[in-house]
Amino acid sequence: MRISLARRPTRPVCACEATVETRRRRVDLRGVALPIVAVALWWALSASHVVKSGLLVSPVDVLRTAYEQAGSGALVRALLASLAREACGFAIGATAGFLLGGALGLSRIAARIVGPSFDTFKQISLFAWIPLISVWFGLGDAAKVVFLSLAALLPVAAHTCDGIHAVPRKYVELANALRYSRLQLIRYVLLPAALPSIFTGLYLALIHSWLATLGAEYLLVAGSGIGNLLIDGSEQFRMDIVLFGIVVVGVTGWALNALARRVERTVLSRLHIANQ
Amino acid sequence: MRPHRVLRYLLCTALALTSLYAAAEKPTVIRIGVAQQGAGDPPTFGGSTAATVQNQQLLEKEFAADGIKVQWLFFKGAGPAVNEAIADDALDFAYQGDLPSVLARANGLKTRILLESGVRSGVKVGVPPDSDIKSIKDLKDRRVAIFRGTNLQLVADNALAANQLDEHALRVINLDIASSLAALASKGIDASVNDYHLYRLRDQGLARIVYESQHDGPQFTRQAHLLVLDGFEKAHPDIVQRVVNVFVQAAQWSSDEANRDALFKLWAKSGVSYASWQAEFAEQPLKYRNSPLIDPFIVARYKAVAQDALRLKLIRQPVDVDSWFEPRYLENALRAQKLEHYWTRYDAAGKPLG
Amino acid sequence: MTDTAITISPDTPRATASHIGTAGTHVHARSRAALRACAWHLAPWLLPALLFLLWSVGCARGWIAPQILPAPQRVYDTLVDLALSGELARNTLISLQRVLLGFAGGTLLGFTIGGALGLSRTLEAWVLPSFNAVVQIPVLGWLPFLLLLVGVGEPLKYLLIGHAALVPVTLSTMQGFRQAPAALDEVARVYAYTRWQRIVRLVLPAAVPTLATGVRLAFTKAWLALVVVELVASSEGLGYLIVYGRQLFQLDLVMASVVVVGVIGLVINRLLDALEKRLRRGTPSAFRA
Numbered sequence: 001m002r003i004s005l006a007r008r009p010t011r012p013v014c015a016c017e018a019t020v021e022t023r024r025r026r027v028d029l030r031g032v033a034l035p036i037v038a039v040a041l042w043w044a045l046s047a048s049h050v051v052k053s054g055l056l057v058s059p060v061d062v063l064r065t066a067y068e069q070a071g072s073g074a075l076v077r078a079l080l081a082s083l084a085r086e087a088c089g090f091a092i093g094a095t096a097g098f099l100l101g102g103a104l105g106l107s108r109i110a111a112r113i114v115g116p117s118f119d120t121f122k123q124i125s126l127f128a129w130i131p132l133i134s135v136w137f138g139l140g141d142a143a144k145v146v147f148l149s150l151a152a153l154l155p156v157a158a159h160t161c162d163g164i165h166a167v168p169r170k171y172v173e174l175a176n177a178l179r180y181s182r183l184q185l186i187r188y189v190l191l192p193a194a195l196p197s198i199f200t201g202l203y204l205a206l207i208h209s210w211l212a213t214l215g216a217e218y219l220l221v222a223g224s225g226i227g228n229l230l231i232d233g234s235e236q237f238r239m240d241i242v243l244f245g246i247v248v249v250g251v252t253g254w255a256l257n258a259l260a261r262r263v264e265r266t267v268l269s270r271l272h273i274a275n276q
Numbered sequence: 001m002r003p004h005r006v007l008r009y010l011l012c013t014a015l016a017l018t019s020l021y022a023a024a025e026k027p028t029v030i031r032i033g034v035a036q037q038g039a040g041d042p043p044t045f046g047g048s049t050a051a052t053v054q055n056q057q058l059l060e061k062e063f064a065a066d067g068i069k070v071q072w073l074f075f076k077g078a079g080p081a082v083n084e085a086i087a088d089d090a091l092d093f094a095y096q097g098d099l100p101s102v103l104a105r106a107n108g109l110k111t112r113i114l115l116e117s118g119v120r121s122g123v124k125v126g127v128p129p130d131s132d133i134k135s136i137k138d139l140k141d142r143r144v145a146i147f148r149g150t151n152l153q154l155v156a157d158n159a160l161a162a163n164q165l166d167e168h169a170l171r172v173i174n175l176d177i178a179s180s181l182a183a184l185a186s187k188g189i190d191a192s193v194n195d196y197h198l199y200r201l202r203d204q205g206l207a208r209i210v211y212e213s214q215h216d217g218p219q220f221t222r223q224a225h226l227l228v229l230d231g232f233e234k235a236h237p238d239i240v241q242r243v244v245n246v247f248v249q250a251a252q253w254s255s256d257e258a259n260r261d262a263l264f265k266l267w268a269k270s271g272v273s274y275a276s277w278q279a280e281f282a283e284q285p286l287k288y289r290n291s292p293l294i295d296p297f298i299v300a301r302y303k304a305v306a307q308d309a310l311r312l313k314l315i316r317q318p319v320d321v322d323s324w325f326e327p328r329y330l331e332n333a334l335r336a337q338k339l340e341h342y343w344t345r346y347d348a349a350g351k352p353l354g
Numbered sequence: 001m002t003d004t005a006i007t008i009s010p011d012t013p014r015a016t017a018s019h020i021g022t023a024g025t026h027v028h029a030r031s032r033a034a035l036r037a038c039a040w041h042l043a044p045w046l047l048p049a050l051l052f053l054l055w056s057v058g059c060a061r062g063w064i065a066p067q068i069l070p071a072p073q074r075v076y077d078t079l080v081d082l083a084l085s086g087e088l089a090r091n092t093l094i095s096l097q098r099v100l101l102g103f104a105g106g107t108l109l110g111f112t113i114g115g116a117l118g119l120s121r122t123l124e125a126w127v128l129p130s131f132n133a134v135v136q137i138p139v140l141g142w143l144p145f146l147l148l149l150v151g152v153g154e155p156l157k158y159l160l161i162g163h164a165a166l167v168p169v170t171l172s173t174m175q176g177f178r179q180a181p182a183a184l185d186e187v188a189r190v191y192a193y194t195r196w197q198r199i200v201r202l203v204l205p206a207a208v209p210t211l212a213t214g215v216r217l218a219f220t221k222a223w224l225a226l227v228v229v230e231l232v233a234s235s236e237g238l239g240y241l242i243v244y245g246r247q248l249f250q251l252d253l254v255m256a257s258v259v260v261v262g263v264i265g266l267v268i269n270r271l272l273d274a275l276e277k278r279l280r281r282g283t284p285s286a287f288r289a
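Chains as they are written, first to last, in my numbering: chain D, 1 to 276; chain G, 1 to 354; chain R, 1 to 289.
To be clear, the hints were calculated from the coordinates, so they are not data collected in a lab. Any given hint could be a false lead.
Stated by the list, open to error - Residues of chain R placed beyond 12 Å of chain D at every Cβ, according to the derived structure:
hint: 1; residue: Ile68
hint: 2; residue: Ile94
hint: 3; residue: Ala125
hint: 4; residue: Pro144
hint: 5; residue: Tyr191
hint: 6; residue: Gln197
hint: 7; residue: Leu204
hint: 8; residue: Leu224
hint: 9; residue: Glu236
hint: 10; residue: Gly245
hint: 11; residue: Ser257
hint: 12; residue: Gly265
What the hints assert, rightly or not - Partial list, derived from the structure: chain D residues whose beta carbon lies under 7 Å from chain R:
hint: 13; residue: Gly31
hint: 14; residue: Pro131
hint: 15; residue: Gly215
hint: 16; residue: Trp254
hint: 17; residue: Ala255
Unchecked claim - Quick list of in silico lysine-lysine cross-link-like pairs, DSS-like style, CA-CA up to 27 Å:
hint: 18; chain 1: D; residue 1: Lys170; chain 2: R; residue 2: Lys277
hint: 19; chain 1: G; residue 1: Lys234; chain 2: G; residue 2: Lys187
hint: 20; chain 1: R; residue 1: Lys277; chain 2: D; residue 2: Lys122
hint: 21; chain 1: G; residue 1: Lys76; chain 2: G; residue 2: Lys187
hint: 22; chain 1: G; residue 1: Lys69; chain 2: G; residue 2: Lys287
hint: 23; chain 1: G; residue 1: Lys234; chain 2: G; residue 2: Lys287
Ideal Cβ positions, reconstructed from N, Cα and C, are used throughout, including at glycine.
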């Protein structure tokens, strides 16, 4: 028993998802029970017509809507539109954030001049800017992409900067002792050491920009997208469209998360960096 | 953000200047903003001469030979959203209501009103079918949806004032047309100040109309018009004249009682049913509502809107209305099409002239 | 961002100046050092000052149309008007009330659920996968659903804000309770703690830093949810002011309201930041493995 105690990890487990995955492998069935019961109850309630409300659609209705939307191509169009915008915004924002974060991390002067302003800006709710952004950039896709880029930029810049700052001093001293040039220092020491933090930033940026995509589609209504599908559903008073939209949003969010985690794991293992 | 905007502005100014010098240079596309959410597939709207023009593709046909495309842009945010687009220089013409244009003019946007398109319409107040609200007086302390900044707002304010109420006595939520209809249907709000879209809800049994304003006097009517941006007008007066010609033609077709049936069927493509249009234009000749004239009634109404907006603090400085209208093109079109006496001119109080 | 582990940039202000030796330039060096120190203290204000200057000049010179970007003076005047007429106070209080109540409710519920899930393996096995699935849907995804369900009144705002706060708190509470290091088990065994004692005396204090982070994140999300729901459908509040200004094409009102939203969010964030640091500092390091 003492041996097994000693083998237990002494550092706290980081990500909740990791723990969940190990658990799932053992007790898969128990977790599935609750959703099944919930759906069954829902179906029973809607079929029995106990509650008289146009809002209580049955699971069958939602499935039918799903089939219609998927079949008519409306779903694919809306999803592609939203994802395209998000990809665009994420790419621009992540790149800009990476450069900004790098500058803030590497240069003390830049950190002093720009840092506090950036810190402040980070804490202002981004959605309050939407009406201004829509006036400055019009009601179309440009405004949405600007907003999404901002949403992606903030976490990437913050985490890149923090990652660089958190590089242990002894690595830098070793590099200095080995007479690394500035560029070599950045490329071989700082970046790899900061990479886990940068990935956390990218991961957060993905989540935030997906959230921002939805918000932007609610508030800057022109165009097509999943958010528009949701709002249209709520305006046409169709709960089945709304529920279908929610499922799509959830699944897409999960898929993006999973993709980000897979990429992170691959890159880090390729570079032989331990994920903390 | 701001340097980008400055650069864009400088670039636009440079382009505008060069376009002014090359005055014969024609635009490749004419952009018309519509202060309504387009519905149907393809998106369209109804209820005015502008809708007729768009539905019958009259402008597209007119400019096809010149290779100029016509783009109709719909705005779910109605008048206020059109204002943002105008400020952004994203439009050349706009079909908009009286109040939003006054708001824009008060804030320095340079436009010219060419002709009227949809006049003497009113607002309707709808409530859930089982509601205890019977008239405007009962709206006190209730949650009412008013689409702020559109021409619905001022008529609503006037109606409230006539009942010794104002917006502060209510709890006003700003919702666009579609959202307010949904909120009314789901009983999320107590009342909605709306337009002909309410008829559909009434016919479905989802709402009751407790007040219709168009017969109660001039200050309970709202007007809409076609305007052009100053820059475009100076650069392409010939195109402006041709657009106005087309609109006057369509206005005449839309005012002919023989076309009443065809007109409502045309407008029904926007999703607002034939029955709704019948209800909207009940007891009113088409000429009365689709007249494009800029007569003393119209001028007086716009002046009143400007004054009321100032009084209600919707604008911060007074707006000069006289220099805003540009009836030159309209008069040319009327003369050319021999329609000078087709529509009645009304005086400031709404009585027919002569 | 304050403590750098890397000293790559040269020129810490005091370092070089103090090495200048000769008597004649000593006074000169001291004033130069003082100047450097002064510049260092004022540096954070350089960027905002520059932007403000650009804004003022741009508006004065008419580089940018006043409908697109109102002059700073205009925005300031509008802010003063709002404050004097009482509109600002009324709407701010309503927004604050909504966010604080929703946040408190969501956080408490989150503690309960997260605690239950963290402490009971069985409960976690039954409930966690469903919870995870629900969590995948971002807060804003629920807005249309709630709009249909409860309409545009106060419940909509409280539900959305509560949900926004609930999720991070639950997740971090769960994590906090689960991450209790092995050493704690041994301590519990030595002292022969009951289960309840173990939770209250060992697990809870060890979980506090993670909880604090979760609460901090929850507030950010709650504030964000408040702004969005007030922008979409509200009859009072700061978001309502923004919408009012936008509909009436009064950009200065919009900007003034955005400033207020920003300041409030900032202030509360700073407070929670300080609170979090306090709580983290108070944790005895012995419990950290």
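Enumerated hints in conflict with the structure, sorted upward
1, 3, 4, 8, 10, 11, 12, 17, 19, 22 and 23
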